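Number of protein chains: 2
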Amino acid sequence: MGEIKLPKGFKSAGVACGIKKDGKKDLALILSESEANTAGVFTKNIVKGHSLKWTMKNIRGNKIRAVVINSGNANACVGEKGDSDAERMADLTARLAKCGKEQVLLGSTGVIGFPLPMEKIESGLQKAFSMLSTSPHDAACAIMTTDTYPKEISFDINLSGKNVTLYGMAKGSGMIHPNMATMIGVFLTDAAISKEMLQKALTEAVNKSFNRISVDGDTSVCDMVVILANGMAENEEISCENNDYATFVNALEKAAVMLSKMLVKDGEGATKLIEIRVVNAPDCETAHKITSSIAKSPLVKTAMFGQDANWGRILTAAGYSGADFNPDLVDILIGDLLVCQNGVGLNFDEEKALEILKKDEIKITVDLKIGSSEDTMWTCDFSYDYVRINGSYRT
Amino acid sequence: MGEIKLPKGFKSAGVACGIKKDGKKDLALILSESEANTAGVFTKNIVKGHSLKWTMKNIRGNKIRAVVINSGNANACVGEKGDSDAERMADLTARLAKCGKEQVLLGSTGVIGFPLPMEKIESGLQKAFSMLSTSPHDAACAIMTTDTYPKEISFDINLSGKNVTLYGMAKGSGMIHPNMATMIGVFLTDAAISKEMLQKALTEAVNKSFNRISVDGDTSVCDMVVILANGMAENEEISCENNDYATFVNALEKAAVMLSKMLVKDGEGATKLIEIRVVNAPDCETAHKITSSIAKSPLVKTAMFGQDANWGRILTAAGYSGADFNPDLVDILIGDLLVCQNGVGLNFDEEKALEILKKDEIKITVDLKIGSSEDTMWTCDFSYDYVRINGSYRT
Chain A
1 MGEIKLPKGF KSAGVACGIK KDGKKDLALI LSESEANTAG VFTKNIVKGH
51 SLKWTMKNIR GNKIRAVVIN SGNANACVGE KGDSDAERMA DLTARLAKCG
101 KEQVLLGSTG VIGFPLPMEK IESGLQKAFS MLSTSPHDAA CAIMTTDTYP
151 KEISFDINLS GKNVTLYGMA KGSGMIHPNM ATMIGVFLTD AAISKEMLQK
201 ALTEAVNKSF NRISVDGDTS VCDMVVILAN GMAENEEISC ENNDYATFVN
251 ALEKAAVMLS KMLVKDGEGA TKLIEIRVVN APDCETAHKI TSSIAKSPLV
301 KTAMFGQDAN WGRILTAAGY SGADFNPDLV DILIGDLLVC QNGVGLNFDE
351 EKALEILKKD EIKITVDLKI GSSEDTMWTC DFSYDYVRIN GSYRT
Chain B
1 MGEIKLPKGF KSAGVACGIK KDGKKDLALI LSESEANTAG VFTKNIVKGH
51 SLKWTMKNIR GNKIRAVVIN SGNANACVGE KGDSDAERMA DLTARLAKCG
101 KEQVLLGSTG VIGFPLPMEK IESGLQKAFS MLSTSPHDAA CAIMTTDTYP
151 KEISFDINLS GKNVTLYGMA KGSGMIHPNM ATMIGVFLTD AAISKEMLQK
201 ALTEAVNKSF NRISVDGDTS VCDMVVILAN GMAENEEISC ENNDYATFVN
251 ALEKAAVMLS KMLVKDGEGA TKLIEIRVVN APDCETAHKI TSSIAKSPLV
301 KTAMFGQDAN WGRILTAAGY SGADFNPDLV DILIGDLLVC QNGVGLNFDE
351 EKALEILKKD EIKITVDLKI GSSEDTMWTC DFSYDYVRIN GSYRT
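Note that the protein sequences, when read in sequence, are chains A and B. Start counting the first sequence at 1; every next residue gets the next number (our numbering). Start counting the second sequence at 1; every next residue gets the next number (our numbering).
Worth flagging that the hints you see were computed from the coordinates, not collected in a lab. Check each hint, because a few of them may be wrong.
Put simply, identical chains are the same to the list, so a pair is met inside one copy or across any two.
Okay, derived cross-link-like pairs now, DSS-like style, lysine-lysine, Cα gap no bigger than 30 Å in a straight line [what the hints assert, rightly or not]:
1. K265 / K200
2. K24 / K98
3. K21 / K352
4. K44 / K20
5. K63 / K265
6. K21 / K363
This structure is a prediction, so every number in the text was calculated from the model and none was measured.
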């Protein structure tokens, strides 16, 4: 992987404009020298933030030049002012970037229900433009809320002889901020790829990564993942499912899975990353119903926190998932330790179980033995700190 | 309500037979002098305990004489021995009660995956038969797992001039025991009512009570609610939806709601009972999707623990419920304090909010303003103690 870097033609900045009371960075700017094909995946929550709505509207028909994301106060659930604030942010960015305002995407994360401090954002934007650089790090920091560290990754890939760079940043933390905003992911690449193939690649990658993680099962009103591809690597444009497309989507999926795992590891109060795999299922949908049910079960998650090899809770969560399977065939492994065979608990080695459960990363495998499909999800444990972070009275 | 008592013709006992290591009562026996019409509602989990399967099989075609419930070790996920143990328990009970083994219902709650200690249960059953009395209290204690107190209720109702008694007991705690067993409810009545009308009444009452509570969203493999009606009150048998049926189903629903609220209040780690009401919904299904999503949201539940009037998490949980509504119309009240109007947060009185949130019982109302249907659910808050109880390593 080497050094984390932006692809050709991208610059970014991250500044503290005063939204966050503690003086931390809270405004990220990403600029592409040339117009970029863009794709996005957005929250399915029917309540949608104002900045998100701006992005969803303008991503459709426009080539994009800039992305602006503020943290500390989500532009959501504040009425009409939220829509006009979004437009003002895009407009100011457009004037500074010399592009159309419809070429600016917005993201916003933090407490909802409070209007954005627009004067702070406007002067922050001016400052950000004056500080643009080829390092993505400040921008990755500026999108954080309760994240304890920035999540970034970059790869170089080879597309038919041309070197292409893929960069990604994301923030959680816990899919959801305490006052409930936003998982945000931004990918940047200098690959030349058509808008259609870019959307296809992003959707594929997100389904195997960001849509396969759960911290608390809640889905926010501002969740979004976008990708900008400005074509400056000068590879032959990917416009169908050729070898270059396969290489690109593999890299994107790899980057997205790595960022997703970072999100879960840094989930609110998380002490462990838990990988849940269902194998030998009759179909992918069945497998996913079960991984999803186990990944969301508070009882499984507290058991993992307590280092308890409680296969009963795992089997139970599978049982109420709505998936159709034969419980009398199910094997369950924690790490490589078989703890339940054909639906019946085994007298397993408790010491070996504890050794596995003490680790920071735990794998749970559920073998349905009725097919050949599988699904994987990642979740974290449920600790005292989750309650502390989310249960503390807002001040 | 007055004194809690069994209906005519019922006796019960609760003994400590040694399943629970702390010497607490762990075997409940309920006996009806005469054959009782019986109805039941069972877990939808496709994994089902062995004792539960026995009950589900035999409740269909038989008049019932006895119910035996053990706590401390659920008869679930132990393979064929589980089925033969269930049959042995029913058979021994039948011999002592002088009835057919198919006339005995079983319940079982506690850790799953460990075979029942059958010698203890067999001597416990003999002891229970020697201690039968007209007080239900010992039996209500003997079905407890992590419950901190027994849940019982009884009413007298008048059916066309005849006095009829309805008794109910239930155990949680948290729908689910730490090692994942069982919400159990048992109703007993001396009313004369046909099996069909009894099932109809029970299903109606359960849908408005036990199916409207959530502690952690997990559904166990042994959940069951059964009702026995032995007809000894000598009222005219209820066999259609007449006035007596209405009186009976009202009383049953009232008893079931009261027991359900007790279960939630005594949920694992619970410090508050939270009532969630969705009003003015286009239909009941929409309303229920939303109450259910809010009741299960860890972010809403931790906010209530933290006395945080976080309407944003409530609106967000409504938004991802899958229900179709217009977020720009939604009002949210915490207690009688309007905190969100037309989907936009208000500058509400934080002190008044804190006063409401400090109480043991909190009402949340979500007004969709698009119809006239409604739904109510009860849940509890999510506290450090939930994590402590469910995250402690099993010893």
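We went through each hint and held it up to the structure:
| no. | hint | verdict |
| --- | --- | --- |
| 1 | K265 / K200 | within (27 Å within a copy, 48 Å between copies) |
| 2 | K24 / K98 | within (28 Å within a copy, 77 Å between copies) |
| 3 | K21 / K352 | between (47 Å within a copy, 25 Å between copies) |
| 4 | K44 / K20 | within (27 Å within a copy, 47 Å between copies) |
| 5 | K63 / K265 | neither (34 Å within a copy, 55 Å between copies) |
| 6 | K21 / K363 | neither (39 Å within a copy, 32 Å between copies) |
Hint check: violations occur at hints 5, 6; the rest are consistent with the structure.
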